[in-house]
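4 protein chains.
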Amino acid sequence: MKLWQKGFEVSKEIEKFTIGKDREMDIFLAPHDVIGSIAHITMLQSIGLLAAEELSTLKKALIDLYHQIEQGNFVIEEGVEDVHSQVELHLTRKLGEVGKKIHSGRSRNDQVLLDLKLFIRKEIENTVYLVKNLFDTLIQLSETYKNVLIPGYTHYQIAMPSSFGLWFGAYAESLIDDLITLQAAYRVANKNPLGSAAGYGSSFPLNRTMTTQLLGFEQLNVNVVYAQMGRGKTERIVAQAMSNIAATLGKLAQDVCLYISQNFGFISFPDELTTGSSIMPHKKNPDVFELVRAKANKIMALPNEITLITTNLASGYHRDLQLIKENFIPAFTELNACLNITNYAISQIIVKEGILEDKRYEHLFSVEVANELVLKGTSFRDAYRIVAEQIQNGTFVAPREVKHTHEGSIGNLKNEVIQSEMQKVLNTFPFEQVNKAIHQLLNN
Amino acid sequence: MKLWQKGFEVSKEIEKFTIGKDREMDIFLAPHDVIGSIAHITMLQSIGLLAAEELSTLKKALIDLYHQIEQGNFVIEEGVEDVHSQVELHLTRKLGEVGKKIHSGRSRNDQVLLDLKLFIRKEIENTVYLVKNLFDTLIQLSETYKNVLIPGYTHYQIAMPSSFGLWFGAYAESLIDDLITLQAAYRVANKNPLGSAAGYGSSFPLNRTMTTQLLGFEQLNVNVVYAQMGRGKTERIVAQAMSNIAATLGKLAQDVCLYISQNFGFISFPDELTTGSSIMPHKKNPDVFELVRAKANKIMALPNEITLITTNLASGYHRDLQLIKENFIPAFTELNACLNITNYAISQIIVKEGILEDKRYEHLFSVEVANELVLKGTSFRDAYRIVAEQIQNGTFVAPREVKHTHEGSIGNLKNEVIQSEMQKVLNTFPFEQVNKAIHQLLNN
Amino acid sequence: MKLWQKGFEVSKEIEKFTIGKDREMDIFLAPHDVIGSIAHITMLQSIGLLAAEELSTLKKALIDLYHQIEQGNFVIEEGVEDVHSQVELHLTRKLGEVGKKIHSGRSRNDQVLLDLKLFIRKEIENTVYLVKNLFDTLIQLSETYKNVLIPGYTHYQIAMPSSFGLWFGAYAESLIDDLITLQAAYRVANKNPLGSAAGYGSSFPLNRTMTTQLLGFEQLNVNVVYAQMGRGKTERIVAQAMSNIAATLGKLAQDVCLYISQNFGFISFPDELTTGSSIMPHKKNPDVFELVRAKANKIMALPNEITLITTNLASGYHRDLQLIKENFIPAFTELNACLNITNYAISQIIVKEGILEDKRYEHLFSVEVANELVLKGTSFRDAYRIVAEQIQNGTFVAPREVKHTHEGSIGNLKNEVIQSEMQKVLNTFPFEQVNKAIHQLLNN
Amino acid sequence: MKLWQKGFEVSKEIEKFTIGKDREMDIFLAPHDVIGSIAHITMLQSIGLLAAEELSTLKKALIDLYHQIEQGNFVIEEGVEDVHSQVELHLTRKLGEVGKKIHSGRSRNDQVLLDLKLFIRKEIENTVYLVKNLFDTLIQLSETYKNVLIPGYTHYQIAMPSSFGLWFGAYAESLIDDLITLQAAYRVANKNPLGSAAGYGSSFPLNRTMTTQLLGFEQLNVNVVYAQMGRGKTERIVAQAMSNIAATLGKLAQDVCLYISQNFGFISFPDELTTGSSIMPHKKNPDVFELVRAKANKIMALPNEITLITTNLASGYHRDLQLIKENFIPAFTELNACLNITNYAISQIIVKEGILEDKRYEHLFSVEVANELVLKGTSFRDAYRIVAEQIQNGTFVAPREVKHTHEGSIGNLKNEVIQSEMQKVLNTFPFEQVNKAIHQLLNN
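Residue numbers (our numbering), protein chains in the order written: chain A, 1 to 444; chain C, 1 to 444; chain B, 1 to 444; chain F, 1 to 444.
Source of the hints: derived by calculation from the structure; they are not laboratory data. The reader is advised that the hints may include incorrect statements.
One copy or any two copies: either way a pair holds, since identical chains are not told apart in the list.
As the list claims (entries may be wrong) - Below, simulated SDA-like cross-link-like pairs (lysine to any residue); rule was C-alpha separation at most 25 Å, straight line: (1) Lys122 to Val425; (2) Lys284 to Ser261; (3) Lys132 to Val369; (4) Lys284 to Gln262; (5) Lys414 to Gln45; (6) Lys376 to Phe269; (7) Lys436 to Glu334; (8) Lys376 to Ala51; (9) Lys284 to Ile391; (10) Lys16 to Gln390; (11) Lys284 to Leu89; (12) Lys21 to Glu334; (13) Lys21 to Asn336; (14) Lys60 to Glu97; (15) Lys376 to Ala398; (16) Lys376 to Gln45; (17) Lys21 to Lys284; (18) Lys414 to Glu123; (19) Lys284 to Glu15; (20) Lys436 to Gln392; (21) Lys403 to Asp358; (22) Lys376 to Val98; (23) Lys424 to Asn207; (24) Lys94 to Ile350; (25) Lys12 to Asn133; (26) Lys403 to Gln390; (27) Lys100 to Leu130.
With the rest of the complex left out, here is chain A (with noise of 0.2 Å):
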C-alpha cells in the first residue's frame, strides 16, 4: 500500500530497489510517528478539520498503538511502504475511512522530519544520561588514583610525570566538551517542522504554534522551506557531536590498548573483559577497547557521509535524503553502545602501581630539576642547558618527587570544578518540560 498510488503499478525491481532498509528503520521512528499524529490531529480539530468526536477516537487509538509499539507489537507489513502508510493502515482497519483523516494538512516530508526530529530529542537524552555515567566513573577513578604516578608522554616520548588522577580525569572534563556540542545539536533538532508539508507549506489554516507547544518544541522551524532543509542538515549537525563524543572514547581506548601492552604494563583487566587468540595460547587481548576505537572512526566518518549525500543539491526534497536513516539511526545504538561498555569495562580496570621506579622513567623528572635552577634564580634557558649537560654527561640524578599544586596539576586535580562544569552543561538540556508535553499528549 502507498499513500501516493495512481492508477498504474510501479515495477517490482524499482519497488524493491526504492523501499530499500525503509522499513526497518521506520520501527525506530515508528513511537514518535504516533505522538507526532497526536498532536497533529488535536491541532486539525483545533481548526475544524476534524469533528471532536473524531479526535476523540483516534487519539484513543493512536495511545493504544503507542503502547502496543513500546511493547515491540508492532510491525512494518511486507508490501505497506513506510511507518506513515501502517500507522494508516492500523487505524482505517480498525476505525475505517476516519483513519485516512490524519493526514491531512500533512504530507509524508513534515511528518519524517518530525518523526526524525521526536526521535533525535530522545536517544540524545539516552545519550547524555550515559555521557554522564561514564562521567562519574571517570570522576570516581580520578579521586581513587590520584595517587598513583605514571609517565606522561609527548611524541609517545617519555616527558614529564603524570598521574592516572590526572588521566582519567582528563577524559572525564573531555566529555564536558562534547556534550556543549551535543547541547548545540539537541537545539537545532528541538524546533518543529511540522505544518510545512512538502516543504512549502499548504493553503489548510494550520495552527503550527499550537503543534509546537503540544510536543514541548522550544521553537518552530518557522520558515517553510528552511524546516524542509533541516533535513540532512539536522542529522548532520547530530552526527558531528556524537562524533565528538566518539573522539573521546576512541582516544581513551587507544590509550588503554597501549597501557596494557606488555610494552607499557600500566594496566590490566580481569580475564573475563578479554579474549583470546585462536593460535596464541598467551593472548589477552582488549577487543573491547579495539571495538570502541573502530566504532568511534566508524562514527566519526559518519557526518562526511551525509555531506556527500547531501551537498551540491538544490533546496527542496529529494529522495536521496531518505538513504541518511540507514547509517545515522543505527549510529545511536552503536555510540550508546560504546559509551556503556566503556563504562562497564573502566569500572573494573585494575592499576598498576610503583610505575615510575623503573629507571628508565628517571628522565621524566628533568623540568622538576630545572625548574628548581630557576625558582632559585637562574633563566629557564640556562636552567634547560644545566640538566641537558647533565643528561648527556650521565650526571642527571632524579628526585622522583613531583610538587605540582596549580590548577588542575597532579598535586591540585580541582575535579569538583570539572564536576560543577558538567552539571551547568547538564541543566541546560531541557528534558523535563520536553518530557512533561509528551507525557500530557499521551494521558490527556
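Here the structure of chain A is known, so what remains is to put chains C, B and F in place on it, guided by the hints.
Relative to chain A, chains C, B and F alone:
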C-alpha cells in the same frame, strides 16, 4: 564456542559487544572459507601434517558443505563466534577429532584474510559483468539516438550543441576508466595471504606456493608481515575502485534527475518506473535515480571510513579491522544493485526529439558561427568579439546545423573504438583461470 | 634559533621538512602570542617569578610589539623556528637576558594552544559579524520580494508554489542554526589552556585562574592533560561549525547556479558580476557562486581531514598536531571571503516576476485544489485521487492563486520571529567582555 | 587581460575572489601548457588552419618560452588571469597577431585538461622514481638486518617472534601494490582530451589522433563529453593512488614513532635527525616521522575533498573544478617530500640487537612450542590448551629459537621475489615512449 577459549568465561556484555555483526557478515564469507580450507588441507597433506585418508575425508565433507552453502542451507549458530568456528564445528560433529585439523598451521588472521580475498575476487567478477551489461546498453542508446541533439551545458548555462549520442556514449566510456582502477584493485586482491598465520608466519614447513596455485592466485603476498598489512588496505583499495564506478553512476543519475525535470524535459520514463507523492497528485518522481545517486555517494564515503578506522595504527593485527566488514561487504550488494537498476531503467528511457527548436537554445550555436569566420580567415579572438557583439545587439542568427567531424564529436562518435577499449580492459581480468582453479579444487 | 637547541645541529633536510609552513601560519598567531605573553608575565610577577620592574619593561616592549604586528611590521626571520622564538628574539635583542624570562613556566605546547584559542575567538567574532550582515541582506530581500512567486521543487520536479520571500528567508533562518553550532564551538574554545605546559602541568606555583581572568576566558581547561587534548579537538569542533555555515552558503550557491540557468531563468545578476567564456561569446557564467559552492565543499572536507590526522593517536602531544594549522588557519579567510562575496553579490540580484504564468508550472497548484475539496468535506486521500485523475485526463484547471496563511508560509513569513531568534543567538556570544579584557591587558 | 573579455568590466571584488590561487597553481602547469600548444599548432597547420611559416615562428617562440620556464624565468603577471592568457600575451608581444592563433580550435577547458594530464604524467614519473629509491633502501635494510629478531604484535600485545628483515621487507612489498594502483591512475591520465574544446567538440576538422601521437598519449579520451568528465575524475583517481602510497608511509612512520619510544626502544636515529623540546632537556623527538604520518593523513584526506567538490554536479564543466587544483597540485610536492625524507632518515636507522632477551618477551614463543607438539602428533587445539595451561601455571619455558622456513617467513624472506615483482610493475609504466614523444616535439 570459541577457538581460543581458555578456562574462564568472557563476560556476556563483552561477548555481545565484541561479536557485533560478525556472524551476519561471515555468511558472505562461508563458501570462500570452505574453498580456502580445501586448499589448505591439500597442502597440509603434501607436507605430512595430514594423512591421505584424513585429507580425503575432510575434503569430501567440505565439498558437501560448500554445496550446502550454495543452496542457502548454512547458518552460523547462536553462540558460535564466526564462520571459521562454525565450519570446524560442522566437521567435528560429522567426523570427530579430525575436524579440528583444518586449522593446523593457520591463524584466524590469515584465514579471514584469505576469505576476504576470495570473496573480493568473486564479487569483482559479478561487478565487471554488470558494468559490461550497462556499458552495452549505453553504447546501444548512443547509437540509436546519435542524431538527436540536446543542449550542452557548462556552468549549468547553455553552451554548445550536444547530442544523446554523446551523452550516452560518455557514460559508457567512463566505465572503461573505472574498470581500469577495478582491475588494479583485483590485482592487489589476487595475491595469496595464506600461510602468514597471525602475521608472522609459522614454524610449520608450509608450502605457500602450492596453495597459491591451488587457489588460482597470481602471486603470493610474499612477506608475511605484509600479508597481514593487506587487511584493511585491500578493502580500501577495492572500495576506491568501487567508488569510481559509483561516481559514474551518481553523475549519470544526477543528469537524469535534471533532464526529466519539467525545466529541462529532455527525457522521460514509463509510469511504472516513477513514484508518486503523498500530497501532490501530479508528481512522477525519479526516485530510482535519486537513490542511485545517494547510494553512489554512500559508496564514495566508504574509502574514507576504512581509512579512518585503519590510520595511525601500527603494523600487526588489531580487532578494529573486523569492523571494516560491516560496511565493506554490503557495499558490493549495493553497488551491484545500482548497476542493475540503472541498466534496467535507462534501457527504458524515452528521449525527446526537436529539443533545440526552442528559441532559448539559439545561442548554443555562437561558436559555430565564430568558427566559420575563422575558417574564412578571421582570428578566433576577433571572430569571438564579432559574435559577442551580434548577441548583445540581438542580430545574432543561429544556423541550427552542426557539422562536427573530428574523432569523438557529434558527427563521429567512434563508439567502435570505445567498445574495443572496453574489450581490452575486460581481457586483463583473469577470471577464466581463477575459476578454472576453483573448479578443479572443488571437483578433484 | 631554536628554543630547544642542544649541542648538535639538526640536519638541513630534516629542518626544512619539519618547519614546513609553520612560519607562514604563525604570522596569523603573532598578535595573540603577544597578548598571551603579557597575561603570562603579569601572572609570573604576581607569584614572584618576575620582578615588578622586569614585568614593566617586558610588558611595555610587548605592547609595542603588538602595535608593530597590527601595522603589519612583523616577520618571522629565516632561521627562526616559530612565532614564539621570534618574539623572544625580539625581546632579547631589545632588552637582553630578561627577554628570555617570558617562557618561564610555559612550554611551547600551552603557548601555541593559547595562541590558537585567542586566534579562534577573534576569527569567530569576524565570522559572526559577516554572518549577521548576510542575514540582514537575506531578510531584506525576503521582505522586498515576498509577493513574487516561484515554483517550489521536490525531486527537482515542480511541486508546489513557493516565493522569493520564502527562498531568501529560508537561508536567513538557516544561518541561525549554524550560529548555534558556532556558539558551542566558541564555548569550547573559550577556555584557558595556559599553565598546562607540555600537557602535564608545572612545578611552578602558577596562578591559572588569574590568567583566565586576564584573558577574558569563561573558564579554565581545568585538567592539564585535558588542556593538551584540546589541541586538534578544538580545531575539529570549530571546523565542524564552519562547515555548517559553509553548507548553507553552498546550498544557496547551488540554487543560484540553477536559477540563473536559461532552463530556469528566475534570477540574473548585473553583467559585472558574471564572467565569460574563452570560446562562447554568449556566456555569462555565475563563477562567483560556483566558487562559493566549491569553497564551501572544501571547508566541509576540513573536519574530516582534522579527524584523519588526529584519530588513533594516544593522549599527549604529537607533532602531527602542528600540521592541522595549514588548512585550518586559512579556512577562516576562505569562509569569511565566501560570506563577504555572497553578501555582495546576492544584494545585487535581479528577480524575475510573473514566472508562474508559464503553462509548464500549472500543476504546481494541484494540492491547492485538492485541499479545497478537503475543506469542503472530502477526505484528503479521495481529493488526491480526484485531482490525479483530472491531471491524467487533462481536465485540471489551475487556480493560480495562493492563500497560505499559517506561520512561516508564503502569506505569513514571520521574518520578525526569525530576526528575534537570530538576535537571541547573537546575544549568547560574550564578545564584549572578551574584548574588554583584552583591551585592559593592552592598556594598563 | 582575459581571453573572454567583453565590453564591461568585472567588479574588482568578483575578480579577486574568482581568481583566487589560480595564478599560483598555474605556474606548475606552465611547461605543460607550452608543450600542449606546440602539439596543437602542429596539428592546426596540418589541417590548413595555420600557415607553415606561422607554425615555424610560433613553435620557435614556444620552445624558447619552454626553456625560459625551465630556468624559472616565467611569471603570470598581475592582471593576467591564467597561464593560457600569459602564454598568449607573451606570443603577441613578441610576434603580434599571429600569437592569438594558438587558441584556434581550443577552449580553455580542453587546454587545462591537457595541462593537468601532462603535469600528472610528469609528477607520477617523479613519484615512481622516489618510490623505487625507498623500496631499494628498505630491501637493503631487510637483508642487512634479517637475523635481528623483534617482537611481533597483534592487538598491540606481544604475539610471536618477528624480525627487522620481515619489518623492512613488508614495507618494501607494500610499495608494489601501491604502484599497481598508481599505474592504473597513470593509464587513466594518459589519454588525450585535446580537441574536446568546452566539452562538446568543435566544428573545426581537428585531427585528434595526430595530437595523441605527438604528445605520446596511449589513446584518446574518445567521446568529447567524457573527455570533459575527466576533469575532477582524473584528479580523484590519481589522489586515491597517492593516498595508497601515503598510507604505507604513514604506517611505517607510526611504527617508527612507537619503536623509538623508550617503552619499545627497538630503534634509534642519529641526534641530528631528531628534534628537541623547549622545556624537556632529555627529549629527542621523532618529529620527522610524526610529520610524515600527519602529511600522509592529509594526503589520504584529499580524495574525499575532491569527491565532495564534484559530487552531485551534472555533467559539463563547472568552475568548481578549478578549485581542486589548490590542494591537488601541491599534494605531489608533499608526497614526494615525504618519500624523500623517509628514505633519507630510514637509511640512517640504528637497530638494537638482542631485544628478545628481555624476559617480558618470552611468551612470544608459545606458538612455536604448541607447533612442536603438533608436529609430534597432538592436534593443534589440544597443543594450544597445553601451552595455555603452562603459561597460566608459570611453567612455560621459551625455546628462544625460531625455525621458520616457508616462503616469506623470518628464515626465508624471498626478497628476490619481491624485487622481481617490483620490476614487473615498473615495466608497465610507459615513461620511455612518453618522454621520447615530448623530446621530439621540443626538438624538431
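Discussion item. Treating 25 Å as the Cα threshold, decide for lysine 414 and glutamate 123: within, between, both or neither.
Written reply: For lysine 414 and glutamate 123, neither the intra-copy (31 Å) nor the inter-copy (31 Å) Cα distance is at most 25 Å.
Worksheet item: Checking lysine 16 and glutamine 390: alpha-carbon separation at most 25 Å within a copy, between copies, both or neither?
Response: neither (74 Å within a copy, 29 Å between copies)
Worksheet item: What label fits lysine 284 with glutamate 15 when the C-alpha limit is 25 Å: within, between, both, or neither?
Response: between (49 Å within a copy, 14 Å between copies)
Item to complete: Pop the pair lysine 376 and alanine 398 into one bin, within, between, both or neither, using alpha-carbon distances up to 25 Å.
Response: within (18 Å within a copy, 53 Å between copies)
Worksheet item: When no copy is named, should lysine 284 and isoleucine 391 be tagged within, between, both, or neither for a Cα gap of at most 25 Å?
Response: between (38 Å within a copy, 12 Å between copies)
Fill in: Same-copy or cross-copy closeness of lysine 21 to glutamate 334 [CA-CA at most 25 Å]
Classified as both: same-chain Cα gap 18 Å, cross-chain 12 Å, threshold 25 Å.
Worksheet entry | Up to 25 Å CA-CA - glutamine 390 versus lysine 403, copy category | within (22 Å within a copy, 45 Å between copies)
Worksheet entry | Intra- versus inter-copy proximity for isoleucine 350 and lysine 94 (alpha-carbon distance at most 25 Å) | Neither. Shortest intra-copy (58 Å) and inter-copy (44 Å) distances fail the 25 Å Cα cut-off.
Practice prompt. Using 25 Å as the alpha carbon limit, work out where lysine 21 and asparagine 336 are close: within a copy, between copies, both or neither.
Written response: Classified as both; 22 Å inside a copy, 16 Å across copies.
Worksheet item: Between the shortest in-copy and the shortest cross-copy C-alpha distance, which are at most 25 Å for lysine 424 and asparagine 207: within, between, both, or neither?
Response: between (35 Å within a copy, 24 Å between copies)
Worksheet item: Within a copy, between copies, both or neither: where do lysine 376 and phenylalanine 269 come within 25 Å Cα-Cα?
Response: neither (45 Å within a copy, 35 Å between copies)
Item to complete: If the cutoff is 25 Å on CA atoms, where do lysine 414 and glutamine 45 land: within, between, both or neither? Let me know, please.
Response: Cα proximity of lysine 414 and glutamine 45: across copies only (24 Å, versus 56 Å in one copy).
The structure fails to meet hints 3, 6, 7, 10, 18, 20, 24, 27 from the earlier list, while all remaining hints are met.
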